[in-house]
Amino acid sequence: MLGRLLPLLVALGAGSPAHGATGAPVAQGGPGGRIAINGPWTVRMDPLARGAAKGFQAGAFSGRVVHGPFSPNAVGFTGLRGLASFRGTVGWYRTTFTVPENRSYVLRFESVNHRATVWLDGRRVRTHTGGYLPFEIQASLKAARRHVLVVRADWRDPTRMKREGWHRAWFNFGGINREVTIRPAGRSEVVSPAIRTRLPAAGGALVDVSARVRNRGVQRTVALMGALVRGSERIPLLFPAVSVPAGGERIVRAQVRIRDPALWAPGHPELYDLQLYVPGESSWHSRVGLREIRRDGARLLLNGRRLVLHGASIQEDAPGHGDALTARDMDAIVARLRRIHANATRAQHPLSPALVERLDAAGILVWQGVGPVDSPGNWVEVTPQMRRLARERVRTTVDQLQTHPSILAWNLANEVAGQGHSGGQAGYIDGMARELRRTDPGRPVALDIWGTHPPTFAGPMYRHIDILGLTNYVGWYESTYASQARIAQVIRSNVASLQRAFPRRAIVVTEFGAEAGGRNPSLRPGGYGFQARLLATHIRTYRSIPALSGMLVWALDDFAVSPEFFGGSIKRLVPGIRLVRGLNQKGLFSYGGRAKPAAGVVARAFAQLP
Numbered sequence: 014m015l016g017r018l019l020p021l022l023v024a025l026g027a028g029s030p031a032h033g034a035t036g037a038p039v040a041q042g043g044p045g046g047r048i049a050i051n052g053p054w055t056v057r058m059d060p061l062a063r064g065a066a067k068g069f070q071a072g073a074f075s076g077r078v079v080h081g082p083f084s085p086n087a088v089g090f091t092g093l094r095g096l097a098s099f100r101g102t103v104g105w106y107r108t109t110f111t112v113p114e115n116r117s118y119v120l121r122f123e124s125v126n127h128r129a130t131v132w133l134d135g136r137r138v139r140t141h142t143g144g145y146l147p148f149e150i151q152a153s154l155k156a157a158r159r160h161v162l163v164v165r166a167d168w169r170d171p172t173r174m175k176r177e178g179w180h181r182a183w184f185n186f187g188g189i190n191r192e193v194t195i196r197p198a199g200r201s202e203v204v205s206p207a208i209r210t211r212l213p214a215a216g217g218a219l220v221d222v223s224a225r226v227r228n229r230g231v232q233r234t235v236a237l238m239g240a241l242v243r244g245s246e247r248i249p250l251l252f253p254a255v256s257v258p259a260g261g262e263r264i265v266r267a268q269v270r271i272r273d274p275a276l277w278a279p280g281h282p283e284l285y286d287l288q289l290y291v292p293g294e295s296s297w298h299s300r301v302g303l304r305e306i307r308r309d310g311a312r313l314l315l316n317g318r319r320l321v322l323h324g325a326s327i328q329e330d331a332p333g334h335g336d337a338l339t340a341r342d343m344d345a346i347v348a349r350l351r352r353i354h355a356n357a358t359r360a361q362h363p364l365s366p367a368l369v370e371r372l373d374a375a376g377i378l379v380w381q382g383v384g385p386v387d388s389p390g391n392w393v394e395v396t397p398q399m400r401r402l403a404r405e406r407v408r409t410t411v412d413q414l415q416t417h418p419s420i421l422a423w424n425l426a427n428e429v430a431g432q433g434h435s436g437g438q439a440g441y442i443d444g445m446a447r448e449l450r451r452t453d454p455g456r457p458v459a460l461d462i463w464g465t466h467p468p469t470f471a472g473p474m475y476r477h478i479d480i481l482g483l484t485n486y487v488g489w490y491e492s493t494y495a496s497q498a499r500i501a502q503v504i505r506s507n508v509a510s511l512q513r514a515f516p517r518r519a520i521v522v523t524e525f526g527a528e529a530g531g532r533n534p535s536l537r538p539g540g541y542g543f544q545a546r547l548l549a550t551h552i553r554t555y556r557s558i559p560a561l562s563g564m565l566v567w568a569l570d571d572f573a574v575s576p577e578f579f580g581g582s583i584k585r586l587v588p589g590i591r592l593v594r595g596l597n598q599k600g601l602f603s604y605g606g607r608a609k610p611a612a613g614v615v616a617r618a619f620a621q622l623p
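In case it helps, the numbering used here puts the sequence shown at residues 14 to 623.
Any given hint could be a false lead.
[What the hints assert, rightly or not] Ranges between beta-carbon positions, derived for each pair:
#, residue 1, residue 2, range
1, Ala62, Gly89, 20 to 30 Å
2, Pro534, Glu491, 17 to 27 Å
3, Gly217, Gln502, 21 to 31 Å
[Stated by the list, open to error] Each computed DSBU-like pair below joins lysine-lysine, with the alpha-carbon atoms no more than 35 Å apart:
#, residue 1, residue 2
4, Lys175, Lys67
5, Lys67, Lys155
6, Lys155, Lys584
In short, the hints are calculated from the structure, not lab data. On a predicted model such as this, the values are computed, not experimentally measured, just so you know. Where a beta carbon is used, it is the ideal one built from N, C-alpha and C, also for glycine.
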């Protein structure tokens with residue numbers, strides 16, 4: 014949702030009306046007229062939650078000066094200090110800015126964890142709950158004044174978050190953890206574009222582009238225009254003019270046939286510029302890829318060719334920054350994926366659009382988790398309100414990320430058991446799967462299966478699921494001391510059982526691995542050599558199963574989790590194993606990016622795959 018292309022220059026400073034501006038004006042341009050509000054921000058911790066009583070909402074507080082995004086508790090995640098940090102606190106952010114002309118503008122927050130309250134010039138203008146979900150504020154602003162933007166972020170009580178359907182499978186980093194931008198609001202707005210590519214037998218590509226056109230004026234006819242652009246090639250998109258009521262919106266669609274398309278694929282990530290605009294009012298600009306993903310029985314096809322995924326899952330977590338990733342942090346994640354020759358990755362929560370853009374450009378597919386995330390096999394007893402919020406989370410993420418060619422599939426839940434939890438999981442998943450098939454028919458719907466309790470038949474929860482992801486920790490949580498030959502035998506048996514239950518569904522092993530650190534003997538459980546040998550066995554075995562559609566290691570990097578986590582059941586299976594409390598060490602790279610021996614083993618194995 015990008016605004017009108019105007020020469021918007023926003024001056025930002027860290028000062029408040031009481032203290033005056035303290036930072037030099039800065040501005041950063043963005044596509045479609047957006048300007049990033051990176052700060053400087055003044056950040057003040059409020060552990061007793063008394064800031065509102067002290068007038069912090071007016072900006073009258075001092076504190077640490079930072080540039081955003083910024084998570085205040087991104088250091089010290091282990092031990093007693095880490096436990097207090099994980100339980101969360103309240104933080105206040107303040108910055109100031111000016112605008113070039115009197116008019117309406119839109120402030121957009123890509124993510125604040127967990128509960129956000131926003132004040133603009135001392136007036137409360139928005140509340141929002143939930144990290145990794147964008148939200149917006151429209152306001153009329155004057156050019157003659159310095160505007161004060163204050164954000165209160167409250168990330169207390171992850172136990173309550175879980176009860177409300179916001180379980181975190183990683184550390185509870187708080188604050189403004191993704192970018193904040195501002196753009197002018199035109200009479201119209203281009204909302205939630207979508208693109209689908211089909212490759213007919215006659216050749217070429219049939220490309221469907223749709224978008225919602227929102228009208229901020231009186232009822233009138235609005236004409237959306239657009240084009241796909243690549244180099245000197247410009248392909249017009251012809252949308253019908255539509256009558257849009259005041260304050261309403263209409264969906265418009267265009268279709269174009271491209272005789273000789275430059276198709277996007279891993280190894281060949283060809284990109285087009287998608288340009289949509291209502292002349293003189295609003296625009297949307299993004300990079301897109303033309304590619305067809307479909308399922309042929311148990312096989313995945315990308316542009317008509319067999320697709321076998323290989324890569325590693327990621328968490329947005331960087332030392333000193335937590336999930337408030339910098340551009341350098343994102344580049345490093347992509348570089349490590351490329352280093353292991355990955356053509357795919359997996360994420361349990363919606364990734365930052367800026368990171369997905371990098372994955373688009375690198376030609377790395379994303380198994381994208383949407384909606385609620387929970388610990389293996391669990392599901393909260395949901396109320397109708399919680400189920401409604403869960404659906405909205407899925408819709409918001411799809412609206413935000415659906416134009417990205419790297420998004421392979423929407424994964425609706427993490428490690429479900431059997432036929433689903435009695436708390437309503439099966440009905441929720443089936444309903445959302447049917448909706449996603451209608452709204453985004455060019456992208457498969459996926460579901461992760463808990464390998465310890467897999468389904469033995471295709472019940473109602475699986476009716477509209479295209480791809481099943483299997484968690485398979487044989488050799489780690491199961492058969493820990495077995496020979497490599499026995500481990501391979503159990504792996505084949507587990508995959509074969511799921512294939513018998515779902516002979517016409519694509520199956521990917523989406524999670525396998527083992528913890529590894531320098532505190533244990535190399536070839537013992539928890540050692541570097543043990544991890545490398547086990548991953549080599551898994552990958553070699555998966556390659557020998559012809560109908561399998563891929564394998565994704567858990568995980569690319571070590572990452573911070575709850576300080577109460579200390580390895581799980583492996584502590585019982587392997588007495589004396591030495592792990593780091595509060596750190597998931599299943600990564601191919603350490604927390605900080607140092608390659609473990611397994612990284613080289615996996616890279617060599619993946620390099621041999623097509």
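Hint check results:
Distance hint for Ala62 and Gly89: a CB-CB separation of about 21 Å, consistent with the stated range 20 to 30 Å. The hinted window of 17 to 27 Å between Pro534 and Glu491 holds, with their beta carbons roughly 21 Å apart. Hint check: Gly217 to Gln502, Cβ distance near 47 Å, so the stated range 21 to 31 Å is violated. Our distance criterion of 35 Å between C-alpha atoms is met by Lys175 and Lys67, whose separation comes to about 31 Å.
Taken as a hint, the Lys67 and Lys155 pair is honoured in the structure, with Cα atoms around 27 Å apart against an allowance of 35 Å. Simply put, Lys155 and Lys584 have alpha-carbon atoms about 61 Å apart, too far for the 35 Å limit, and the pair is violated.
In this structure, the hints that do not hold are numbers 3, 6, in rising order.
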